[in-house]
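Student: Sequence:
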Amino acid sequence: MNQTPPESPPNAAEPTPGEVACFEAGIKFGSLYHQFAGTPVSPANSDSIARAMEESIENQPHCVDVSVEVDVDAIRAELAASSADYTELTGRFLEVEVVVEYEERGVTARMALEDGYPLMQVTEISRPADRDD
9 MNQTPPESPP NAAEPTPGEV ACFEAGIKFG SLYHQFAGTP VSPANSDSIA RAMEESIENQ
69 PHCVDVSVEV DVDAIRAELA ASSADYTELT GRFLEVEVVV EYEERGVTAR MALEDGYPLM
129 QVTEISRPAD RDD
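The opening residue of the sequence shown carries number 9 in my numbering; numbering runs sequentially from there.
Think of the hints as simulated: they come from the structure by calculation, not from any bench. Misleading hints may appear alongside valid ones.
If you anchor each label on the Cβ, the simulated ranges turn out as follows [stated by the list, open to error]:
#: 1; residue 1: Asp81; residue 2: Glu22; range: 43 to 53 Å
#: 2; residue 1: Pro17; residue 2: Ala82; range: 42 to 52 Å
#: 3; residue 1: Glu96; residue 2: Glu22; range: 18 to 28 Å
#: 4; residue 1: Tyr125; residue 2: Pro17; range: 33 to 43 Å
We put the beta carbon where it would ideally sit given N, CA and C, even for glycine.
Construct the entire structure; sequences and hints are all you get.
Tutor: Right, here's the structure in full:
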């Protein structure tokens, strides 16, 4: 069954490079979060999990940098109340920064715990020449 894609509304515009870069950053976060949520994590393996997360997301198109920090103190605190040696990885244990570049636009997005919820947000949109790195 062949279907023709729906026509765009007459006032629709192509997304700007900045909008596409923001979309790409969102894709990276969705992939990172949902791919690794539930992974068994302990203080002993938290660094290797963080590196695996960084390297897997950096493989995706337009991604130029990923930084993942695991809150080992929060993991230890959770394990102190448990008989287990590990817990499940969730957003409350992570601080993440993703940098994406698309057609001369750079986007930095971050995920950090805010009021008990892992909030993902765009923190900067720039031209690569405007960046400090």
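Student: Okay, which hints does this one fail, numbers in order?
Tutor: Going through the list in order, the structure violates hint 3 alone and respects the others.
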